[in-house]
Amino acid sequence: MAIIGNKKYQERISAHLAKYPDKRSAVMPLLYIAQEEYGWINAEGVLEVAQLCDMDPTQVRSISGFYTMYSEKTKGKYWLQVCNDLACALRGADEFHHWLKEELDVEEGGTTADGLFTVEHVMCLAACDKAPMLQCNFHFVDDLVDPNETPDLEKAKAKMREKLDKWRKEATEYANRKS
Amino acid sequence: MMGDVKHILLRWKDVNADFSKLEEYRKHGGFEGLKKALAMTPAQVIDEVKNSGLRGRGGAGFPTGVKWSFIPQSEPVKYLVVNADESETGTFKDRLIMETNPYQLLEGVLIGAYAIGAKATYVYLRGEFWDLGHFLDECIENMRKANLVGDNIMGSGFSCDIFTHLGAGAYICGEETALLNSLEGKLGQPRVRPPFPANKGGGLYSEPTVVNNVETIANVPWIVWKGAGEYKAIGTEQSAGTKLYCVSGHVKRPGVYELPFTATFRELLVDICGGPLSDEYGFKALLPSGGSGPIVALNDQVLDTRMSYEDTAKVGTIIGSASLIVMDESVDVTWVASKITKFFKHESCGKCTPCREGTYWLDKVLDRIMAGEGNENDVKLIENVAKNMAGITLCALGEFAANPIIYTIKNFPDDFKKHAKKDGKAVAKQPVAAAGD
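For the protein sequence lines, the chains are A and B, in the order given.
Number 173 in the working numbering belongs to position 173 of the first sequence; there are no gaps in the numbering.
Number 130 in the working numbering belongs to position 130 of the second sequence; there are no gaps in the numbering.
Be aware that one or more of the hints could be misleading.
What the hints assert, rightly or not - Derived lysine-lysine pairs resembling DSS-like cross-links, with alpha carbons at most 27 Å apart: (1) A:Lys73 with B:Lys342; (2) B:Lys252 with B:Lys13; (3) A:Lys75 with B:Lys342; (4) B:Lys252 with A:Lys159; (5) A:Lys101 with A:Lys159; (6) B:Lys119 with A:Lys19; (7) A:Lys19 with B:Lys35; (8) A:Lys73 with B:Lys351; (9) B:Lys145 with B:Lys21; (10) B:Lys13 with B:Lys226; (11) B:Lys6 with B:Lys36.
As the list claims (entries may be wrong) - Over the 12 Å line for every Cβ pair with chain B, so calculated as not near, a few chain A residues: (12) Gly5; (13) Lys8; (14) Glu44; (15) Gln51; (16) Lys101; (17) Leu104; (18) Gly115; (19) Glu154; (20) Lys159; (21) Arg161; (22) Glu162; (23) Asp165; (24) Arg168; (25) Glu173; (26) Asn176.
Stated by the list, open to error - Pulled from the structure, derived: some chain A residues nowhere near chain B, Cβ distances all over 12 Å: (27) Asn42; (28) Glu170; (29) Ala171.
Source of the hints: derived by calculation from the structure; they are not laboratory data.
Quick caveat, the model's predicted, so the values are computed rather than measured.
For every residue, glycine included, the Cβ atom is placed at its ideal position computed from N, Cα and C.
Please construct the entire structure, taking both the sequences and the accompanying hints into account.
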């Protein structure tokens, strides 16, 4: 595993480095690539990004530690981040967040025993009219309720259960293909 | 009066077209503004925007044309940066512009770049707009194929590129100097000013830089295309044009609505959004500018106020970014203060002491109050902490974090009284009602 010299990333890395007059500016997009490769920001990734951006590894580590979208530990295959800020909370997000943790039997920030799901709360995702909503691996899940209907948490939970089942199925199929 | 004009930013609604497609956008006047701008001198473009009365839509309301005119033309390298780090609780308008009308934003970027003389521009999106960032990249590539970005745009001799940059989950990067630091690959923490971004030494890579909000820039093509006068005719004296109002919380139909600044809160919240969410509770409180703006009682006086910069000031609040969070009578405003404080505590960058320590202690004491273990002195304590944070921090976040405390206590004192006893003793935890109670 590596990002430097990995054909999968070569084009993207060059494109990011070319975007800015200073290599250092590419540290954020390249950290995303490292996270994609290793699943989290590990020491190898930090060293590679430092080399690519002409930075000290400590400086790269300070960047990955400052921003919440870089994970400093491994996450579940599906990283579920539920927005429970004020605007969402007014439409039931706190209850939904609590329910999701119970449904998957995890603590805040914890990962399910099968390694599939990590659940945590996240600050405002700019989709306040779609509450309750969440992001899964940085993709918005904002179709749990219809904004034109009175928010129905039971409906939202049922829809979320369907999604969880779909992801479980996907993961099993992927594991079967791999073996 | 808006005459025949209904929408500027969501213009696709009037012509019933899909503006997320370049061809559709061009068919309906897309890039006419850029074409016109490229035939003018940069100074004329700046004057046009100045005359339109356009003010920054990110919240501060600073006149856009004036901001552009601060850029020293003598400097060889200049930058235009678009702030798409939309992260304030209750704000979701920029996302809608980028999803449904991306080319109008990108056209505006090029007009702005031409006016200030920038050859490279960056759109800084919050990291959570992951899919949207990739969509904008596709849009830019489509423009490149049509000679609308890159070298010698439309054969005019003007060359300019647009790049996207994804943040990684930090509200503070919506503050312009923190954004510039983040774009430079540094910690997203605000800089000490002066020098200001427009000055040599203060902007991106130390070069003079304009940072504009998505909504601000997306207004520009229409202004140049139709003329400053047309734009100025919409809205009020000090608030020209239309605004995207984001409505969330306790209304029947939350969402983003584009209205002229002459519209009142009642027209939006009652006529358009359908009034209070439940039939059981009436309106109680309103945060008109996300978590950071002053909270007010949502009474008839406020409902009949026009949603402009000058009118909202008269009722003790601001319109800011127009992120309306509506709360009904079931809401305990102390809980609101606590929720917003948790947000700012989490998002404080830690660089300056009043904000870092202040948000920490506000949160701690509010937790105590919410747990029923606070007393009247605690309310005075948080008010004191908040007042000592406001106005002395490096950036506005300190002020933003102080506002929810100061204004919830000022405008909703009874809510706090319910949580704190006068004799200095804590209120006992509310017992859970037994069945049948």
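Evaluation of the provided hints:
no., hint, verdict
1, A:Lys73 with B:Lys342, "holds (23 Å)"
2, B:Lys252 with B:Lys13, "holds (21 Å)"
3, A:Lys75 with B:Lys342, "holds (24 Å)"
4, B:Lys252 with A:Lys159, "holds (21 Å)"
5, A:Lys101 with A:Lys159, "holds (15 Å)"
6, B:Lys119 with A:Lys19, "holds (12 Å)"
7, A:Lys19 with B:Lys35, "holds (26 Å)"
8, A:Lys73 with B:Lys351, "holds (25 Å)"
9, B:Lys145 with B:Lys21, "holds (14 Å)"
10, B:Lys13 with B:Lys226, "holds (18 Å)"
11, B:Lys6 with B:Lys36, "holds (23 Å)"
12, Gly5, "holds (22 Å)"
13, Lys8, "holds (17 Å)"
14, Glu44, "holds (19 Å)"
15, Gln51, "holds (14 Å)"
16, Lys101, "holds (18 Å)"
17, Leu104, "holds (22 Å)"
18, Gly115, "holds (23 Å)"
19, Glu154, "holds (16 Å)"
20, Lys159, "holds (18 Å)"
21, Arg161, "holds (24 Å)"
22, Glu162, "holds (21 Å)"
23, Asp165, "holds (23 Å)"
24, Arg168, "holds (23 Å)"
25, Glu173, "holds (23 Å)"
26, Asn176, "holds (28 Å)"
27, Asn42, "holds (17 Å)"
28, Glu170, "holds (18 Å)"
29, Ala171, "holds (21 Å)"
The structure shown violates none of the earlier numbered hints.
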